[in-house]
Each structure stands twice: as C-alpha cells, then as structure tokens.
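Quick note, the sequences are listed as chains E and S, same order. My numbering numbers the first residue of the first sequence as 1 and each following residue consecutively. My numbering numbers the first residue of the second sequence as 1 and each following residue consecutively.
A hint or two may mislead.
Which copy is meant is left open, because identical chains are indistinguishable; a pair holds if it fits in one copy or across any two.
[Said to hold, decoys possible] Subject to a maximum C-alpha distance of 20 Å in a straight line, what follows is the list of computed EDC-like cross-link-like pairs (lysine to aspartate or glutamate):
| # | residue 1 | residue 2 |
| --- | --- | --- |
| 1 | Lys-301 | Glu-75 |
| 2 | Lys-301 | Glu-73 |
| 3 | Lys-301 | Asp-326 |
| 4 | Lys-301 | Glu-322 |
| 5 | Lys-210 | Glu-175 |
Hints are computed from structural coordinates only; laboratory data are not their basis.
What follows is each chain in one-letter form.
There are 2 protein chains.
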Amino acid sequence: MSSDRVTIRQIAEMSEVSVSTVSNVLNGRTLRMSAETLERVRGVISTLRYRPSSIARGLVTGRTATIGLVVAEIETALFFSAVGALETAARDAGYNLIVCHARGSRDEAEVVTVLRTKGVDGIIFIANSEAVDNTHLTDLPAAGILAVVINRRRPGPEFGRVTWNDRAGVAGAVEHLHALGHRRIAFLRGPRSRDSTRERVAGYRRGLKKVGLPYQDDYVRLADYTAEVLAWERATSELLDLDPAPTAVIASDDSVAAVVIRTAQRRGLSVPGDLAVVGIDDQMFAPLLNPPLTTIRLPVKEAAERALKMLVDAIAGQSMREVRLDTELVVRDSSSPEPRTTVS
Amino acid sequence: MSSDRVTIRQIAEMSEVSVSTVSNVLNGRTLRMSAETLERVRGVISTLRYRPSSIARGLVTGRTATIGLVVAEIETALFFSAVGALETAARDAGYNLIVCHARGSRDEAEVVTVLRTKGVDGIIFIANSEAVDNTHLTDLPAAGILAVVINRRRPGPEFGRVTWNDRAGVAGAVEHLHALGHRRIAFLRGPRSRDSTRERVAGYRRGLKKVGLPYQDDYVRLADYTAEVLAWERATSELLDLDPAPTAVIASDDSVAAVVIRTAQRRGLSVPGDLAVVGIDDQMFAPLLNPPLTTIRLPVKEAAERALKMLVDAIAGQSMREVRLDTELVVRDSSSPEPRTTVS
DNA sequence: CTGAAAGCGCTAACAG
DNA sequence: CTGTTAGCGCTTTCAG
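Make the full structure from the sequences, and use the hints.
Right, here's the structure in full:
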C-alpha cells in the first residue's frame, strides 16, 4: 500500500543533514542556513516529491489547518453558495473544510464532538436562523476551539458572528414597491420558528410606516417555504380573493415567489401589471422566471467570506467580532412597471 | 487553551489499568476482559468525557475515517445535492468529508496532494463530465489511496465509477414526446466539451430513430448552460422561427428549459399547447415554474450513495466496480397535453 | 548554523 | 486477561 511513503528522515539521510534541518526548511526557518544546504534539501524534497504528513504535524503542533463547517440545511441553495464561498476562502487561507450537516441541536452536538476529535482549528456554524439550542457550544471556547456563527444567535461573546439585516431588506422592498405606486402591499411570511421571520415582519411594518401606509393583518399570511407548495398557492389565492386585493406581494423566499407568480398568472392576472412580486434570496433561478423576479439578495457569500476571515484572524490571535451585512434589492421585471390598479 | 485535554494515559491512571487496556475498551477488544474492569474504565471515560484523538490514532493506524470529496462545480445545483447525499451517507458509515472545489485539472492535482497529506482514506471525484486530464490521478492506487469517480471517465481499472445513462434518458424523453403526438422535436444541446453532450445528442438521435422520426440538423442547436441566458433565448427564437417550427423541445438543462418556456410565452405561444418543453436535471425549481417542468431527473443522490458505499467497501478490502444508473423522466405540465399544432 | 533526543496521543505487538 | 514498550512522522528545545 502506502509503504513507500517518503518520510522526513529519508529526506534527511539523502540530503545528509539532520531531520531538524529538514524540518526547518519545511517551516521556512531558513534565515541563517547555508544556502548550499538549503538548496540541497529542497532538491531532494522535490525530486522525491516529499510532502510532510499533516497528521504527524498536527499531533505535535496541535493545529491541523482544517476548519469544521456545520451546516443546518445543506441541500438548500442558500447554504450551498455559502459552502462554495467558504471552501474557496478557506483554501486561499491554507485551510481545508470538513463539512458536516446537522439537522438539529442533538445532531449538532454529535458533529461538534467528532470535529473536536479530528482536531479542527475552528468551527463555523451556518444556521437557518431557527432558534436552536446553543448549550453544546458554550464549552467550545474553554476547550480552545474557536467558532463563528453565521445567521444565528451568538452563543457567547467569545464567538464570532456574521448576520445580515433582514429587517432593513424587507423595509427596502416595501419602499421600492411604494415608489412604484403600490398602496396595497402584502407579505407572505415564513414560519415563526425562524428568527428571520420576526425580523422580516418587523421590516415589513417598518417599511409601511415609513411610507405612511397602514398595516393590515389580512395582508400578512403564512407561506412556509419549508412546507408544501399547495399551501403557498392557497395563501396566494386568499390574498387575491381579498377586496381590495393587494397589488404587490413580498414572498417569504424565491420559491414561494415563483408560485405566487404562477398562481396569479393562472387566475389571468398579469405580473407585474396586476400584481408585482418580490422574492427573498436571489436564488439562481430568479432571473429565469417569467417575468424575471425582483428579489432581496441575501449576502450569503460575503457572510461566508467574512466569517472565514474572522475565524482565521482569531486563530492568529485576534479577537472575535460581530458583523452585520446589508441585503440588496435586485430589481427585475416582476416589480418594475407601475401597477395597473392603483387608482381603483 | 486546550491544555486540559484528557489523554488515554489519564484514563488509565484513574481507572488503575494500563493504557493498553483502555485502548482495548476503546476499540472494542473487550471480549475477554473482566466485566468489572470494563465497567470501571467506561465509567472514567464517560465522567471525564474522554474522546480519543483521531489525529494520534490516525498517525499510528494510517486511517483517518476521513474521505476527500473533490467537486468540479460546487455551486451547481446538481453538485450540491450530491454533496448533501454524500455527507449523510459518509457520516452514517462513520466517515467525515473534506470537501474541495477543483476548478480544473491543475487545481485538482493540487487538491489531491493536500488530501493525501491529510491522510484521507479515499477520494471521491464528482465531475461535470468535462473531459479532464486524469494523469494526476493515476498514481493514486499505487499510493494506496482508493478513489471513485462520479460522472466521469474512469482513470483506470483500480478506480470505482458511478455514472448515469444520459443517452437512454434523452431517448426516453423523445419517446415520451412522440407518444404525446409530437412529430417535430428539437434538442437544445450543451457544450461539446462535456461528455454528456455527446451522449445526449446520441440519445436524441436514437429516440428519433426508435419512433421513426427523421433527424434534422436544424432542430439541434447549442444552448450552453454555462454561458449567457441571452444565447439561450436566441437559440430558442431561432428554433421557433423555423418553418415548420418544432412543437416540442428538449433543453440542455432545467435553467435553459425555464428560458425556453419564457421565450415561447413572450412570443404569445402557450406551453405546452403550442410548445412542449422538457428539461434535464430536475432541479429544485422545476416544479415551481409555470407550467411545472417535465424533466429528466438525473440520479445524483443515488450516485452519491453508491459511490460512497463503493469506497467504504473498498476500504474494507473489496474491489472497485462500475455502476451505471438510470435516469427517470418526471412528467409535469410542460409536456402533458397533446400538441395543438400536430396536424398542421 | 546543525544534530540528538524527547515527546505529541495513540495502537499493537509482545511479555508476563 | 493485563501491563510494558516501541514506534507512527513530525516539531522543537537544547546542546554542540
């Protein structure tokens, strides 16, 4: 098998130096070393294509150049763009990622245990903003494991945290629709179990207030993106059955928005003519819909990059921080023209 | 920091046994051990919440219970359903995944090197079916690293391989459309750089042949899903400008299919009334489109699970195999009714 | 500036 | 059935 693995000792012998010298060149402690020796050792290393074992190195240094990534919903588009961004950023910083999918707190606790035995240098948690139990995280700092959370409540001050401003995002969407002439703007909210839902509803109210529109309970309905499509259709229909019906709706995410568009179109309505639709996420398919979807882009990639940087900096000794990112309204056709029915 | 890490020695001392005894209970070599001793050791382990270091263990056993995953296009919908499935399957089998994104052969070679230094027990490559250079993989078996490739040419007989039958998938879609009454079926193909494109075009021809329809060059156009949306619209328009125009089109993937639907609708055509549309992938948004998209589902998850099992079995000593999975046509509204214009 | 030697935490012979 | 011991491959004092 791997019996022919090259070791540092072989390099030392072939270079006719000691292992510590080889170790020194490996780790850049090469300042006051005879150029000739350096040259020779490097030569042997490259001809033998020698790569030091991270395992052995990890055992002695206690560092593995590996970061654990604990993801709440790995199959969600949103999370995946985060994983991609994180992987790229990690590798640029010289780290690898052990990716784990945790479905709940219990699972998460297990995953964390495994990650600890594997000696990761730090852990990044990326959550679905579900209110999760954090107790299994609180002893991480004491164990010398650095951690940063994305889109999740901070388990303690020793943790880094990156979030985005859901509230301002939705408020901005309301303003956008109002500026387009809409006066009856509905909001399809996500499940209450998510922190983001509260934030977004608050943003919706704030937006209405800011533009001087009244809040109407009727115009806020549940369209749980973790649930059935049928329920989204029903919620949309209920909204459109209202008198007066809304001329615009902000959906709990892009998937729901797609279904809102479809439901409206099936009723013979034009989007955005009769109904403007705004989504949340800016998923990959948003620009492909008919009409292309206006949506609140969540800065997931940027969050991932910031989280990784924060963690790497913390490994280097800096202290953790808290960062809040802005969302961005991506305006496409599903909201652009003025509503037809404004002057009803 | 982690100065308080519990070691096997401490467990041994507190249990008043030797380290090897502790090691034995850790590794289940507990058959002929006094029940009382076993009990005592276990007690100490759990009260001290001791977890053996995988690093140290890995150094001596040569195994790390870690599998490397090399993904070609991590941000693609297709790939991340694979990563999710792989992670779940891996953890069930007691493994963790180091996920790496390789953008090209060169990058891939680097990633493989890193993975080797990290001592992964095996590597899974999941490719975009791009014709990639495999030379950096061929020495893996010699180094004792097991590997299986998904959706990619087999680098050698020592590699496991899981693929799916693109050809049959597209042929089946043609038959489906023909059964619906369509006689003019177009195919929007992907880029030639992908192996899958060749397979799919072959499947298209085979399907036509099987149902007794002529192959027309005009009806096959490029709509590169890795390129611009505008180009997809143009390709669709060109198809619809043809006389006679096709009554059905199979798109190179679901994203392209979404744009085909939109382009047709913007020209005042009804889908599926005037034009039936079939996608490839069965991405998450396919059922949300208007109309819901008929599509060729690629068995990505299943492939992931098979690949993982193959790798784990290989680690356990079994030999590698080659598995070819079937695609599945998921029929939704974008193709269901009979074409209006059949009897033109 | 280089070499010898002591571990990192664990497993696996090999004795007892 | 349990204890001793020799490493796994590397880093890192500490002498020379």
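Evaluation of the provided hints:
| no. | hint | in the structure |
| --- | --- | --- |
| 1 | Lys-301 x Glu-75 | both (16 Å within a copy, 11 Å between copies) |
| 2 | Lys-301 x Glu-73 | both (16 Å within a copy, 16 Å between copies) |
| 3 | Lys-301 x Asp-326 | within (12 Å within a copy, 35 Å between copies) |
| 4 | Lys-301 x Glu-322 | within (16 Å within a copy, 37 Å between copies) |
| 5 | Lys-210 x Glu-175 | within (8 Å within a copy, 57 Å between copies) |
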